[in-house]
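Protein chains in written order, with the numbering used here: chain A, 1 to 286; chain B, 1 to 369; chain C, 1 to 270.
Take these hints with a grain of salt, some might be off.
So the derived label-pair ranges between C-beta atoms look like this [claimed, not checked]:
{"#": "1", "chain 1": "A", "residue 1": "Asp39", "chain 2": "C", "residue 2": "Asp60", "range": "53 to 63 Å"}
{"#": "2", "chain 1": "A", "residue 1": "Pro229", "chain 2": "C", "residue 2": "Thr62", "range": "51 to 61 Å"}
{"#": "3", "chain 1": "B", "residue 1": "Pro40", "chain 2": "A", "residue 2": "Ser169", "range": "33 to 43 Å"}
{"#": "4", "chain 1": "B", "residue 1": "Lys262", "chain 2": "C", "residue 2": "Glu157", "range": "41 to 51 Å"}
{"#": "5", "chain 1": "A", "residue 1": "Thr174", "chain 2": "C", "residue 2": "Thr62", "range": "40 to 50 Å"}
{"#": "6", "chain 1": "C", "residue 1": "Phe97", "chain 2": "B", "residue 2": "Lys136", "range": "17 to 27 Å"}
{"#": "7", "chain 1": "B", "residue 1": "Arg126", "chain 2": "C", "residue 2": "Phe97", "range": "35 to 45 Å"}
{"#": "8", "chain 1": "A", "residue 1": "Lys91", "chain 2": "C", "residue 2": "Val17", "range": "29 to 39 Å"}
{"#": "9", "chain 1": "C", "residue 1": "Leu81", "chain 2": "B", "residue 2": "Asn26", "range": "40 to 50 Å"}
{"#": "10", "chain 1": "C", "residue 1": "Phe97", "chain 2": "B", "residue 2": "Glu6", "range": "57 to 67 Å"}
{"#": "11", "chain 1": "B", "residue 1": "His129", "chain 2": "A", "residue 2": "Arg186", "range": "23 to 33 Å"}
{"#": "12", "chain 1": "A", "residue 1": "His33", "chain 2": "C", "residue 2": "Arg128", "range": "47 to 57 Å"}
{"#": "13", "chain 1": "A", "residue 1": "Pro229", "chain 2": "C", "residue 2": "Phe6", "range": "30 to 40 Å"}
{"#": "14", "chain 1": "C", "residue 1": "Asp60", "chain 2": "A", "residue 2": "Ile271", "range": "34 to 44 Å"}
By construction, these hints were calculated from the structure, which means they are not laboratory data.
A virtual CB, placed ideally from N, CA and C, is assigned to each residue, including glycine.
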Amino acid sequence: MKKREFLTVFLLLLPVLIYFIFLFVYPFIYGLHLSLTNDEGKFTLANFIRFLTDPWDANTIWITLKIAIPATLLNVLIAMPLAYYMRHGIKGEKLISFLLILPITLGSVFVAEGMLTYMGPNGWLNKILMALKIIDKPYRFTHNYLGVLLALIIQGFPFVFLMLLGYISGIDPTLEKAASILGASRWYIFRRIIFPLWMPGIAMATSLNFVMNFTVFPSAVLLGQPSGPTRVISIAAYQWAFEKFDFHMASAIAIIMGLVELIFILIVMLIRQRFFKIVATSGGKG
Amino acid sequence: MKDFKEIKIQNLVKYYGNRKVVDNFNLTIKNGEFITLLGPSGCGKTTILNSIAGLIPIDGGSIYIDDECIDDGKRFIPPEKRNFGMVFQNYALFPHLTVFENVAFGLRIRKFPPSEIRERVINALRMVHLEEHIDKYPRQLSGGEQQRTALARCIVTEPRLMLLDEPLSNLDALLRIEMRYELKAIHEKLGITTIYVTHDQQEALALSDRIVVLNKGKIQQIGTPEEIYSYPRNLFVAHFLGFRNIWNVDVIHVKDGEIEFKLGDFILNAVLNEKYKEHIHNSIRDKKKLYISIRPEDIKIGEGPINSLEMRVEVMEYLGQVRQLWGYINGNLRIEISTFEKIILNPGDKIKIYIPPERILVFPEEDVQ
Amino acid sequence: MRRIKFSGILYWIAIFVYVFNVLGIIFTVILNSLSKNWYTDWFPKIFTLEWYSYMAKEHDLTQLLFATFVVVISVALISLLIGYPAAYIFARYNFKFKNVLLSLLLVPMLVPPMTYGIPLAAMLYKLRLATRISGVILANLVPIIPYVVLILYPFIEQIDVSYESAARILGASRLRTFVKVLLPLTVPGIFTAALLSIVRTIAMFELTFLVAGPKSQTVIVALYYDAYAAGTRPPQAIDALAVVYFLITMTFLLIALKFASPTQFVYRGK
Ligand SMILES: Nc1ncnc2c1ncn2[C@@H]1O[C@H](COP(=O)(O)OP(=O)(O)OP(=O)(O)O)[C@@H](O)[C@H]1O
Ligand SMILES: [Mg+2]
Numbered sequence: 001m002k003k004r005e006f007l008t009v010f011l012l013l014l015p016v017l018i019y020f021i022f023l024f025v026y027p028f029i030y031g032l033h034l035s036l037t038n039d040e041g042k043f044t045l046a047n048f049i050r051f052l053t054d055p056w057d058a059n060t061i062w063i064t065l066k067i068a069i070p071a072t073l074l075n076v077l078i079a080m081p082l083a084y085y086m087r088h089g090i091k092g093e094k095l096i097s098f099l100l101i102l103p104i105t106l107g108s109v110f111v112a113e114g115m116l117t118y119m120g121p122n123g124w125l126n127k128i129l130m131a132l133k134i135i136d137k138p139y140r141f142t143h144n145y146l147g148v149l150l151a152l153i154i155q156g157f158p159f160v161f162l163m164l165l166g167y168i169s170g171i172d173p174t175l176e177k178a179a180s181i182l183g184a185s186r187w188y189i190f191r192r193i194i195f196p197l198w199m200p201g202i203a204m205a206t207s208l209n210f211v212m213n214f215t216v217f218p219s220a221v222l223l224g225q226p227s228g229p230t231r232v233i234s235i236a237a238y239q240w241a242f243e244k245f246d247f248h249m250a251s252a253i254a255i256i257m258g259l260v261e262l263i264f265i266l267i268v269m270l271i272r273q274r275f276f277k278i279v280a281t282s283g284g285k286g
Numbered sequence: 001m002k003d004f005k006e007i008k009i010q011n012l013v014k015y016y017g018n019r020k021v022v023d024n025f026n027l028t029i030k031n032g033e034f035i036t037l038l039g040p041s042g043c044g045k046t047t048i049l050n051s052i053a054g055l056i057p058i059d060g061g062s063i064y065i066d067d068e069c070i071d072d073g074k075r076f077i078p079p080e081k082r083n084f085g086m087v088f089q090n091y092a093l094f095p096h097l098t099v100f101e102n103v104a105f106g107l108r109i110r111k112f113p114p115s116e117i118r119e120r121v122i123n124a125l126r127m128v129h130l131e132e133h134i135d136k137y138p139r140q141l142s143g144g145e146q147q148r149t150a151l152a153r154c155i156v157t158e159p160r161l162m163l164l165d166e167p168l169s170n171l172d173a174l175l176r177i178e179m180r181y182e183l184k185a186i187h188e189k190l191g192i193t194t195i196y197v198t199h200d201q202q203e204a205l206a207l208s209d210r211i212v213v214l215n216k217g218k219i220q221q222i223g224t225p226e227e228i229y230s231y232p233r234n235l236f237v238a239h240f241l242g243f244r245n246i247w248n249v250d251v252i253h254v255k256d257g258e259i260e261f262k263l264g265d266f267i268l269n270a271v272l273n274e275k276y277k278e279h280i281h282n283s284i285r286d287k288k289k290l291y292i293s294i295r296p297e298d299i300k301i302g303e304g305p306i307n308s309l310e311m312r313v314e315v316m317e318y319l320g321q322v323r324q325l326w327g328y329i330n331g332n333l334r335i336e337i338s339t340f341e342k343i344i345l346n347p348g349d350k351i352k353i354y355i356p357p358e359r360i361l362v363f364p365e366e367d368v369q
Numbered sequence: 001m002r003r004i005k006f007s008g009i010l011y012w013i014a015i016f017v018y019v020f021n022v023l024g025i026i027f028t029v030i031l032n033s034l035s036k037n038w039y040t041d042w043f044p045k046i047f048t049l050e051w052y053s054y055m056a057k058e059h060d061l062t063q064l065l066f067a068t069f070v071v072v073i074s075v076a077l078i079s080l081l082i083g084y085p086a087a088y089i090f091a092r093y094n095f096k097f098k099n100v101l102l103s104l105l106l107v108p109m110l111v112p113p114m115t116y117g118i119p120l121a122a123m124l125y126k127l128r129l130a131t132r133i134s135g136v137i138l139a140n141l142v143p144i145i146p147y148v149v150l151i152l153y154p155f156i157e158q159i160d161v162s163y164e165s166a167a168r169i170l171g172a173s174r175l176r177t178f179v180k181v182l183l184p185l186t187v188p189g190i191f192t193a194a195l196l197s198i199v200r201t202i203a204m205f206e207l208t209f210l211v212a213g214p215k216s217q218t219v220i221v222a223l224y225y226d227a228y229a230a231g232t233r234p235p236q237a238i239d240a241l242a243v244v245y246f247l248i249t250m251t252f253l254l255i256a257l258k259f260a261s262p263t264q265f266v267y268r269g270k
């Protein structure tokens, strides 16, 4: 590259580079450093050991996984057939997508606050279910595991659905036509053509949704039992940081959080590679 | 403004990555000349034009206008200081400005008084017959009108050099010929030095004072349309300008600009043209193998005095005035003929043909790309 | 044919159930905030605005709204100032490590805020920026700058370079080319990026929560604290604040949808 060009590129990228280094890379390194030191600044693994050996804390990993994995699978499994059905577009797509992005844009705190009333003992949901004679006394939807799971579905389903839809509608529809002219059945086309091409998108949506679910925080506090069955790992990290003011410990938990996310993504990628050797070239738009 | 004698481009080199896209491009353009860069897609025409305009940095060589260096890698006059004009393939009319404002763009930068801007813009638009569209936006114009707006925007600043990058390629066939005529008329009238880029040989032949034929970033030949059309220097140029029937032949002997050679089982003769004798003679003297090439329309149907062959017809295409024949000679050599004769032939028919010896072009092997 | 119809019905049922519940949640919040009290009936009997004035007194509402707007607008503007040049370079130049750099930029967008928020907050506390508005702005820049780059980058890329070339050849300097040609042509992209960033920042709970102090918190964080300490005030007052939040978000969302497609809210890179 010519000097003249290089200077332009460098100068205009400089702000983003500064941002990236100071607001993302540096805090990460700082967090790593905090997690590996004690109050006196000495190197130690004590923070990690302490977290992993204290059952009250270590258990948060399992608690979080027990919420995040079912929520992710449910979201993906509900969204897949719907996205498949909608892949060539559908009536009222604009309105439907608008209604779907509402909970995403409103965010978890608002949805949680709404769910508390709507799904509470006197809420509309219980009233409707009782009016339909599906239940005879109010069912407890909130302040338990179910509440958190429902919140993660209400937030995560549209996210996964719209993402999967984006990927599947990016697959060239003539491929499907070509296959059906060759005599392939619907199921065969799905299995041999759509699914392999869709796989990278599914893997991406699954990974992203899991990562979101694994870091659930306000929903777990407001809709669950934050000092018991839904004490997720984010709560533990928050409490160490802002209730016990131990940023060393909190950073260690954040690092563990990141590692679990990474492991999950690697597993998803591994599964994808194992079962789908053919690298799909067409991912999708977006 | 037309204040220079010549533009001199020397050893221009441009890389993209490790690929040499322009390889030692040399060209001297005289004031007022209309030069065409002709070559297939991807041969580097746009790259050369952008280098001359200063839109991309060059990797070697220099560009001078008389004694003024405008780019040699170190000294560099930015495009906005060169006072060139350019018409782009997609016209690049600013979509957020009206026709008037588009044409006035360069004048406003040059800080002309408003009254003069108005006068010049209207003059330029009149020259391209667009006065009545002055307040429209580009999207409200037809393709031809957009093209003419771009031309008006280019000429209104009286550039020293006008660069045209396939300005007609987005127009339909009829409009293309019409605009070709207008372009020529404007060039005659204003005398602006012009470099024109195209891959259409018709356009190049019709417009140019001189044509530069390019392939893979290298100059193949520079010459007048006549020279290029009739006396291509190598096989590439020949092929690009409509020579077909390229065959590899065994030389029997060479003498006084006459060559006798074997094409399959046939013995044929070729007579070298005066224009070539020097260039070709040296390079083919001791060759055992040569390439020959003949235009389809130069092959005659019937029994000839010399160079007679028999052709088996495979396909005949009716193209209005002419008929195009494809088939084989000598069993396996493909041949293409076009003829005005109103014959009707069926696949498998055998006909007599002959090749006038002075119509055969001869090239040494090295020329094959 | 029957199979298609069957799956169609399932599809509509699923969408209906989902949308019904979401709308139910929203209407519950709105109705509750307007009701005197609402227990066993389908709809509240007496409507009142008193919870709004109650809520406005409890929280210094002006201060809250002011802080929210300052944060949101600053984040959008700073992100544009930093992101636009970068997007321009990505759209116009090819250089080594371009793809590496683009993928790196994706990371802050894809990693959930809770993961990097704690170390980030720790750093901002150390620098004494946390609990201030400036700290909240800095924290919120982390996911938004890449977001802006990735919205603007394809936007600039699809604007033909020849517009800029044409302006240059006609005599315009780089700066003038930018102001007179590129900027007007990218206005829709700039609006899209700004509005989407605003919508996201309004709803960004985690980062603001971890960094903000009482004077620098945004509406969403105030709402969280209210809901967290649910017993201490009437639920209608909490919902009144939720409605304020809802109205702000919806306003920007509806403007944003004039420029952006709904899917742009979801796609986070390839
Ligand atoms: N920005 C670029 N980066 C990398 N390679 C490029 C770039 N621009 C052009 N090239 C390559 O350089 C070669 C020459 O391109 P150029 O645009 O000059 O061709 P051209 O002769 O104008 O072709 P066309 O008739 O299709 O317009 C092509 O092979 C092209 O792929
Ligand atoms: Mg070109």
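Hint check results:
| no. | hint | result |
| --- | --- | --- |
| 1 | A:Asp39 to C:Asp60: 53 to 63 Å | 37 Å, violated |
| 2 | A:Pro229 to C:Thr62: 51 to 61 Å | 40 Å, violated |
| 3 | B:Pro40 to A:Ser169: 33 to 43 Å | 37 Å, holds |
| 4 | B:Lys262 to C:Glu157: 41 to 51 Å | 58 Å, violated |
| 5 | A:Thr174 to C:Thr62: 40 to 50 Å | 58 Å, violated |
| 6 | C:Phe97 to B:Lys136: 17 to 27 Å | 45 Å, violated |
| 7 | B:Arg126 to C:Phe97: 35 to 45 Å | 52 Å, violated |
| 8 | A:Lys91 to C:Val17: 29 to 39 Å | 18 Å, violated |
| 9 | C:Leu81 to B:Asn26: 40 to 50 Å | 46 Å, holds |
| 10 | C:Phe97 to B:Glu6: 57 to 67 Å | 43 Å, violated |
| 11 | B:His129 to A:Arg186: 23 to 33 Å | 59 Å, violated |
| 12 | A:His33 to C:Arg128: 47 to 57 Å | 19 Å, violated |
| 13 | A:Pro229 to C:Phe6: 30 to 40 Å | 38 Å, holds |
| 14 | C:Asp60 to A:Ile271: 34 to 44 Å | 52 Å, violated |
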